[in-house]
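Based on these hints, arrange chain B on the given structure of chain A.
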Amino acid sequence: MAHPQIAAFARLAKENSQPTRVLAGQTTLLSRTMHDIRYDAVHDEIFVNNPFAQAILVFRGAAQGEEPPIRIIQGPNTRLEGQVDRLDVDPVHNEIYIPNHEKILIFPRDGNGDVAPIRIITGPDTQLNDVESLAVDPIHNVIVTAGARPPTAPGQTRSQADQVYGGALLIFNRTDSGNVKPIGVIQGPKARIVRINQIQIQATKGWIVATQPGKYEEQEPEGVFVGVWSINDRGDAPPRWFIGGPKSQIKKPRGVALNPKDKELIVADMRLNKVLTYYFPEIF
Amino acid sequence: MLRTKQFPRVSIAAAVLAAVTACVIFAGPSQLKPSGYPQLVATQPLPEMSGEICLEMASLQEPKAPLRTASANANRAPTSDADRSPLRIIHDTYPTYSAIGVDTNSNEIFLQDENLFGIKVFNRTDNTPPGAAFTEPKRILGGLLTKLEFNCGLYIDPKSGDIYSVNNDTVDRLTVFPREAKGNVKAMRELHTPHRAYGIAVDEEAQELYLTIEHPPEVDVYRKTASGEDKPIRTLKGDNTGLADAHGIAIDPKNGWMFVSNHGSASSPTKKGGRFDPPSITVYPLKATGDTAPIRTIAGPKTQLNWPAHTFLDREHGELYVANDAGDSILVFRETDNGDVAPTRMLKGPQTSLKNPTSLFVDTKNDELLVSNMGNHSATVYRRTATGDVVPLRTIRSAPRGKQADMIGNPGAAAYDSKREEILVPN
Chain A
495 MAHPQIAAFA RLAKENSQPT RVLAGQTTLL SRTMHDIRYD AVHDEIFVNN PFAQAILVFR
555 GAAQGEEPPI RIIQGPNTRL EGQVDRLDVD PVHNEIYIPN HEKILIFPRD GNGDVAPIRI
615 ITGPDTQLND VESLAVDPIH NVIVTAGARP PTAPGQTRSQ ADQVYGGALL IFNRTDSGNV
675 KPIGVIQGPK ARIVRINQIQ IQATKGWIVA TQPGKYEEQE PEGVFVGVWS INDRGDAPPR
735 WFIGGPKSQI KKPRGVALNP KDKELIVADM RLNKVLTYYF PEIF
Chain B
3 MLRTKQFPRV SIAAAVLAAV TACVIFAGPS QLKPSGYPQL VATQPLPEMS GEICLEMASL
63 QEPKAPLRTA SANANRAPTS DADRSPLRII HDTYPTYSAI GVDTNSNEIF LQDENLFGIK
123 VFNRTDNTPP GAAFTEPKRI LGGLLTKLEF NCGLYIDPKS GDIYSVNNDT VDRLTVFPRE
183 AKGNVKAMRE LHTPHRAYGI AVDEEAQELY LTIEHPPEVD VYRKTASGED KPIRTLKGDN
243 TGLADAHGIA IDPKNGWMFV SNHGSASSPT KKGGRFDPPS ITVYPLKATG DTAPIRTIAG
303 PKTQLNWPAH TFLDREHGEL YVANDAGDSI LVFRETDNGD VAPTRMLKGP QTSLKNPTSL
363 FVDTKNDELL VSNMGNHSAT VYRRTATGDV VPLRTIRSAP RGKQADMIGN PGAAAYDSKR
423 EEILVPN
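Here the protein sequences line up with chains A and B, keeping their order.
Going by my numbering, the first residue of the first sequence is number 495, and it counts up by one from there.
Going by my numbering, the first residue of the second sequence is number 3, and it counts up by one from there.
In isolation and in its complexed conformation, chain A is listed as follows (with noise of 0.2 Å):
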């Protein structure tokens, strides 16, 4: 992939709208692979993951251009390890979450520089393996993470590992920290989570909304959907709704977002490079 961006498309922006305003350049210092970003309406700020300098810029909510970031949480005290891929911000209890492989790391909202996390969540009771992207829930508390994928066997291929349904959503208490056991596990073939990508959470209502991108390597795999659990879901629970059929044109979801003032659900598709918004007033 050639360009990286940030680029900011008006609500009502359709085919071959131009932004209404770009971040990009050295100064921004981001990269591609950006596989979260998170706006705090109530700070008016954007929370975006760097993954390769293993960081997490903040910027102001109306930066543009080659605007550096005001905070950057970065270095070998943050415990970040390998690929920093996801994120999110709770704005209530000023925390920042980040799934971080085996572990979730929880960092103060302003947070700045080389600083340790307050809490961990990391231990074989977790079950937290490969944990890939997370949401916050700031009025239920409690987080819902990505995590179990099936790891790849040696000589095994990310697809040939995808083949089972073995992902699932794990859900723990928002202040959990240490080696806990998950309070909840939405896991099995009705459940249909072959791996999951950016997870939102409408919080009034207590639903989860998660894109299924479907098998990795697979330019237009089946099986796609953005599924809505319930944080209350357990087990083998299938998706509540699931929008993913051929009139809703996606071809591999990875990015998901919310706007409950027009109650509309806004999906990001990589196989089309488009982003794609549904009046979806069912979850609101």
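Be aware that one or more of the hints could be misleading.
Stated by the list, open to error - Some chain B residues judged to face chain A by a derived CB distance under 10 Å, without partners named: (1) Pro218; (2) Asp222; (3) His265; (4) Leu426.
What the hints assert, rightly or not - Rough simulated footprint, nothing fancy, chain A against chain B, three-plus residues with beta-carbon under 8 Å: (5) 131-141; (6) 172-179; (7) 255-263; (8) 400-410.
By construction, these hints were calculated from the structure, which means they are not laboratory data.
In this text, all values refer to a predicted model and were calculated from it rather than measured experimentally.
Every residue gets a Cβ at the ideal spot worked out from N, C-alpha and C, and that includes glycine.
Below, chain B alone, put in the same frame as chain A:
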């Protein structure tokens, strides 16, 4: 914070209003006082609050909310297929050119389209008239069989015209096609590459093919004819290499040098904590392998490097060209440069029509410089020695004049900015 502080006042007002309204409704009209007394005669709905504000306040009002609330208490409903058409789609319907190659034998230009996934082929001398919507390509290669996806690097074999396409990200394949290939056809050769391959260069004398991997950064060298699961014959990687989000690569077999452009985002496989290096061109011995330090590094404010993308070495004139993506410029260095040096020439400015240039080709046969611009759906052609703010000799445009590219590429996430009513899309 101002809006959140206002919410309790609004809430109190709403509660009072609701209570008074309820009293009025349940008391009935007989409770109304005679005209002349203060009384409620009309109500007006409160303006709708944004979800984030409501969410926060709900939390503050119910700090110990039990897990099972609202819909979560409802009986488990069966799955609902909520398949529906999108209300709106944000999409750039025009090609976005990430890389360029030229066959000076057939006089053809090859452009990598990273937006619609394909390769468009034009005559070398095509020139889109200012009033035309776009120039039609003479051939298009694309479709699922081609495995062209996030195709960001391109090499055209100077003898055979074979097309080498680097397909970054999930495909992780170098695909090789014959020059005349078109439509949705399989590659005549595929090489499984590491994840995030970007740059490509070929040492025709040694029949070796060089690929950069963005991250973890490395340079992998294969036999030129490598295919399938063939492994590299050499790999350059490690803390001492100075590689940091590696992008373009150029080689000089005569002098034995290899040039790599770096965006600067880095982390070490052996040390804790990531880092941001300045953008750079790191130079190595051509046959460097393992954790070899660069013999020279071009970096610093005088260089004006700003997300340097693909590079090209003009061996005949000893010049290193850099497509300077975020600088909207082309930088030309002497291949012997070292340290914080200014480019010997720079193409930049509104007359150039350069917009996010990510790839270039120096055609010494016709003494021209050809550039692919990701930012405006075009390829622009200049005299090889052009400098400053000059008008292109020719332009191949694949969208109406003035149409800027959205450059959405491999969107892996989205966010909604409720304050500005904007959708944020990272690549």
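Okay, the hints, checked on the actual structure:
| no. | hint | result |
| --- | --- | --- |
| 1 | Pro218 | 8 Å, holds |
| 2 | Asp222 | 18 Å, violated |
| 3 | His265 | 7 Å, holds |
| 4 | Leu426 | 5 Å, holds |
| 5 | 131-141 | violated (count 0) |
| 6 | 172-179 | holds (count 3) |
| 7 | 255-263 | violated (count 0) |
| 8 | 400-410 | holds (count 5) |
Checked against the numbered hints listed earlier, the structure breaks hints 2, 5 and 7; every other hint is satisfied.
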